[in-house]
Every structure is written in C-alpha cells, then in structure tokens.
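Enquirer: Sequence:
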Amino acid sequence: MKQLLFILVIAIIFSCKTETDIDKTQVFSFLNYSENILDYRISPKDSIDKSGLMFSDQGAWFAYSLPDSSSGYLGFSGPFLMTQQNGKWSSYSLTHLNLYNDQQESIVNKENIKFTQNSDATHLEQSLNNDKIHLKQDLVFLSGHTTLQRFIVTNISDKIIDIYPLLSGELFDNGISISNENETIILKSDKSKAIGYIQILGEMYSTKSDYFFYNSQLNAISLKANESKEYLISQSFIFPEYSWKSEKTLIEQSNFDSVLSARKAEKNAELKSLISNKRKQFSDSIYSGVLAKAQLTLQNNWRIPAGEIKHEGLFPSYHYKWFNGFWSWDSWKHAAGLSYYNSDLAKKQMKLMFEFQNEDGFIADCVFRDTLIEQHNYRDTKPPLSAWAVSKIFEKNQDIEFLKYMYPKLKKYHEWWYLKRDHDQDGLCEYGSTDGSLIAAKWESGMDNAIRFDNSKILKNSEGAYSLDQESVDLNAYLFAEKKYLSELAKTLGKTEEAIQFNKEASLLKARIQTQFYDKIDGWFYDTNLEGDAFIKGEGSEGWTALWAKAATQEQAEAVKNNMMNTEKFYTKVPFQTMSADHEKFNPLKGYWRGPNWLDQAYFGVKGLRNYRFNEEADKATVQIFKGAEGILGKGKSIRENYHPLTGEGLNAQNFSWSAAHIIMLLMND
850 MKQLLFILVI AIIFSCKTET DIDKTQVFSF LNYSENILDY RISPKDSIDK SGLMFSDQGA
910 WFAYSLPDSS SGYLGFSGPF LMTQQNGKWS SYSLTHLNLY NDQQESIVNK ENIKFTQNSD
970 ATHLEQSLNN DKIHLKQDLV FLSGHTTLQR FIVTNISDKI IDIYPLLSGE LFDNGISISN
1030 ENETIILKSD KSKAIGYIQI LGEMYSTKSD YFFYNSQLNA ISLKANESKE YLISQSFIFP
1090 EYSWKSEKTL IEQSNFDSVL SARKAEKNAE LKSLISNKRK QFSDSIYSGV LAKAQLTLQN
1150 NWRIPAGEIK HEGLFPSYHY KWFNGFWSWD SWKHAAGLSY YNSDLAKKQM KLMFEFQNED
1210 GFIADCVFRD TLIEQHNYRD TKPPLSAWAV SKIFEKNQDI EFLKYMYPKL KKYHEWWYLK
1270 RDHDQDGLCE YGSTDGSLIA AKWESGMDNA IRFDNSKILK NSEGAYSLDQ ESVDLNAYLF
1330 AEKKYLSELA KTLGKTEEAI QFNKEASLLK ARIQTQFYDK IDGWFYDTNL EGDAFIKGEG
1390 SEGWTALWAK AATQEQAEAV KNNMMNTEKF YTKVPFQTMS ADHEKFNPLK GYWRGPNWLD
1450 QAYFGVKGLR NYRFNEEADK ATVQIFKGAE GILGKGKSIR ENYHPLTGEG LNAQNFSWSA
1510 AHIIMLLMND
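Numbering-wise (my numbering), the sequence shown opens with residue 850 and increments by one.
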C-alpha cells in the first residue's frame, strides 16, 4: 500500500497539469480535521522569538509561520532554521512581496487590507485584499530541502492597474549572509554547512544584495479588471551531503498544484488511517481533531538525515532549543505512535538510534546532527522499550526484512542490561551510568528527579558500568515485556530455541516482580533495595508499569487500579500523573518528575487498566485526560511536554512528540 501511494505521489509531483485527476476524483475529507488545528501566527521580533508555532513537512530542517495580521507582510514568517545552532529565525519574512504603483507607493499595506489566514497538514495560505487588489499566498513543501511559495495577484477593481512588483528579504544578524549569483539568491552561514537558495521561477528580474538584504525587481505588469498574475518562488536549505544540482532539477520540473495535490493525498491517507481506527467510544469528531493535532505535531518535528544522523527521525520538540536532537526512548515512543499511519518513518526512527549502538549492545541516550553544537550522550542509555516499538511496527506492516535487521540488535541491547546493570547478578537490573556519575544514572531511568532516587547511591559493577543501589520495578517490568516481545519476534523468524528461552526467562522474572516489588499493604509496586527486603516508598507512576507489561496478578492489578482511581492520589483533573497528589513532595510546578502528568506515563496507566479488563475506568480516565489537559481538545494550542494534574495547565516544552505519540495510542483501537 505504501509503495502504491509513493508511486502515486511521485507521478502527481511531476505532472504537467495545473489541475490533476486526483483533484477531480478524490475528496480529501479527513484533511478537514487539521484545518487551523494549530495556530501558526507569529511575526518574530528577533531570531530567538519563540512566542508562536512553526509549520514544516517532509523532514525539512526549517519551518515557517503566518505573519501577525497587523504586520502587513506580503509573505510568510521565517523561515525558522533548525540548520542554524539550536534553531533561529532567519528573518521576519525572507521572501516578502511588495507591490508598488508608478509613484513608488505601496498598493497593499496594513492600513488598507483585509487579512485571512489558514493552515492544515499540507500547507499554509493567506489572502489579503483591499478595494483594488486581491493577493493569495500559499506555501507547500516540495521536499525536505525546498518549499514552493506561490503569490497570485488579482485586479478586483474595474480599472487597469499598473504594478511594479519587488521581492525582498532582510536577515536577522545571526551569522548568515546573502549574495547573488546568476540571479539566484544564496545564503551562507558561518555556523552551519547548510546553504540557502531563493529562486523566482519563470520570471525575468534583476537582483541586488548587500550581505543582510536583497531586492529582486520583477518586470512591471498591467492588470485588467479580474486579471491575475502568478509568481512562483522556491526557497531551499540544503546540507552538503545532498545535491543542489538534483534539487534544482526537481524544482524546475515541479508544478505547484501537483505538489499540493500530492501532499493532500499523502496527509489525507495518514489521517484516514488514524481516524478510521479510533476506538468506538471515542467516535465524536472532537477526537478526530485531537488525532489531527497529534499527527501534525509529529510532522513538525520530523527531520531527514543530516550530519551525524543517518536515518529520518523526530525531535522531541523543535520549539525548545535543547530538544533539537534524538533521544532513545523518545524515539521508540515516537515510532510506536507513527506505526499507526506511517510505518516507513517509524522504521527509520528505530534505525536512527541503533546506528549509535556499541559493540556490547549499549545505545546512546541522545544524539545530534552537529556535535560542535552539542555532544552525543554516552553517559547513560534509556529504559528498554525498543522491542515493544519494533513489535508495534511489525504488527502493522509485516516487514520481515525489517524484523531480520532489527532482531539481533534488539537481542544484544536486551542482553546488555544483564551484563552491565545487574550489580548483584540476581536477575534483576538497576539503572546506572557508564561514567560512574549519579546524575547520569538518574537520567537513565528517564525520570530524572523522581523521589525514589532522592537517597540513591552509585555502585561500580565493572569498568565503564555502574548501577544505582536499588532495583527498579519499572525497569524490570520493561525487561519482562521485552522478553515477551523478543520471544514472539524470534518465533516469527523461526528461532524456536531463542523464543522458548525468552519465554522461560519471562516467567521467572514475572514471579520475581510479583513477589519482590509489590506491597500488599499499600496495594502498590515500589522499587526496592538491592537485597529486595525493603521498599523505597513514595507512590509514583512506576507503580503501574507492571500492569502495562502484564506482569501483575489480577488481584494486584485490582489494588493498583483502586489507588489509580482514588481522587486524593492519581485520579486528578489530568489523571495518572507521575506521583501521588497526597505525597508531601508532590510539586508539579517545580518537580518535573515530582507531579506533572507526562502523557507517556498516563498511557501506560490506561493501557495497564485495559490489560486487566478495567475498560470502564480506562475510558473514563482517557476522557478526563483530554478534557483536563489544557489545549489538547480544540484548535490553536500545541500539545505540551507535560501538564499540571490539578489545574490542567500545559507545562514546559510545546509541540512535544512523545505526548502526541501517546495521544494517538490512547485513542487507537487495539
């Protein structure tokens, strides 16, 4: 199916027709749910102004916004360059169309125009008009390197209008300079190897440039009443590992309407896959809008290979400067969410992190395109959820070659935990670090400052391998789930003995989880000391990972469920936060992992309930999460990194990928 869609898209892009057959025959009804689902309006005041959201597609390392209506800009805000340091605006509007009369007076300005703007998963558009001129502007991504921007000027008066068009742009001072070669505007940076190119396609014009700005004077036009003139501009930012010559050929052969139709077919198919697979109890159209917002959040964080990165993948958040990289457990969660509508990208996301697997099986915590900006982190890894993600992908597309590629890597990573993170060699693992630092060991849990680590100490296992002095229930629940998934994957590949062995190990580990980590009095799963004879108290979201992994007994699950549904503990305005609301250290605004609701943990809680047939409670909690968390329902606001469980306020980074991925999983019918 994916191959057929790819062939269709390529055929459309290179079509010479201005109106394609797909426009005539296909209704892109699912795209309606993404219309204005995110508010992209911002006119950046400087290069680091992140008061608004940005739109990108096709894995591009640059993005655009819609200018504030009061600005009067005849163009799009940006681009915002993720090629530049940790993300910088290049300009308030790098391709700004000016329309003058023969007196050099502006025909369209902010004092005399009406302004409308729209967006969806495929493109940005805006229209401006006064009593003389209507100007329609559209922006669509041709590829991961190039956008096409179309300006259509229409005379809506009853008289002939003479117009002197000028395309211009001015840069913020952030290390980029402008030059002009053969009427192509070129942007080079002293902080990035990516080069920018601006071309005005099919027009005669002359360009002047002076380091920070350029002016391209186009031929004067005379428009009769109701007559229109179209301008097409390409804007590219391309890394040296890609061919500008090939990209330029692609631009020359492309057609705006055909490219837009291709994007509509692509995005409509993705949204159809999601919306058609919703659980029946979430059939209301408002949840279709939630899925559209989640899909678009993941799209805006999508990046093609560049520099150190060899496969496509997703940022946690383009909006936060320290999240312009790729994290291991983030990547696996992204891939699980992507599997429902774009399994090809999901597979690439998995491969990205496994390019950074050491010979012993260890996988880096996080990696970056440019290590001069930020270094890869090999001080720790992250919780083992990779086999889960691969299983989700394989379940959707049955790609046996992908499974053959991934299985030995997954197996080696799983074995690494027992080689390097089992201090007392008792078959239960601990979080730790490679450099012996306590902070990196806490990072390895993914729950950096959770209260269970307040009194932790670091122990040396061997050279380059250290453990915390506690055995964590979530880690061992994840490892139990990994054994079950690896067993199934091995069975699929005909590795019968390995499948049997993983199953045996899983059975033993399940019994250990049920006995060592479960407190009958509290009805909760806790971390313990290394000896396994003392709980590390403080109810946190790790307590329901045994339910997610299906490692608890039904009786244990019942007790955990009762605590989860307790309004004094976890059933808050935004249910299933990271620690119980009645704990003295509960502090969502300053705690990070001491109280906020992270949607990955909330998903594990809901899925855990479903695993033990508490579906009524799971449905109730899902609805409460979406209604309680600010901005998940409805249009405009972005999906956040986490949420205040008592007020619903969105916290920390905007446009957060794993939140979006788990929103998808909360609503899917499986």
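Treat the hints with care, as some may be off.
As the list claims (entries may be wrong) - Calculated cross-link-like contacts (lysine-lysine; reagent style DSS-like; alpha-carbon spacing at most 30 Å):
1) K1245 - K1469
2) K1245 - K1399
3) K1258 - K1200
4) K1260 - K1121
5) K1456 - K1340
6) K1439 - K1418
7) K1340 - K1439
8) K894 - K1456
9) K1439 - K1476
10) K899 - K1439
11) K1040 - K985
12) K1486 - K1439
These aren't lab readings, by the way, just hints derived from the structure by calculation.
Enquirer: Are the hints correct? Go through all of them and say.
Expert: Hint check results:
{"no.": "1", "hint": "K1245 - K1469", "in the structure": "holds, 27 Å"}
{"no.": "2", "hint": "K1245 - K1399", "in the structure": "holds, 21 Å"}
{"no.": "3", "hint": "K1258 - K1200", "in the structure": "holds, 10 Å"}
{"no.": "4", "hint": "K1260 - K1121", "in the structure": "violated, 35 Å"}
{"no.": "5", "hint": "K1456 - K1340", "in the structure": "holds, 25 Å"}
{"no.": "6", "hint": "K1439 - K1418", "in the structure": "holds, 19 Å"}
{"no.": "7", "hint": "K1340 - K1439", "in the structure": "violated, 46 Å"}
{"no.": "8", "hint": "K894 - K1456", "in the structure": "violated, 44 Å"}
{"no.": "9", "hint": "K1439 - K1476", "in the structure": "holds, 23 Å"}
{"no.": "10", "hint": "K899 - K1439", "in the structure": "holds, 22 Å"}
{"no.": "11", "hint": "K1040 - K985", "in the structure": "violated, 35 Å"}
{"no.": "12", "hint": "K1486 - K1439", "in the structure": "holds, 23 Å"}
Checked against the numbered hints given earlier, the structure breaks hints 4, 7, 8, 11 and satisfies all the rest.
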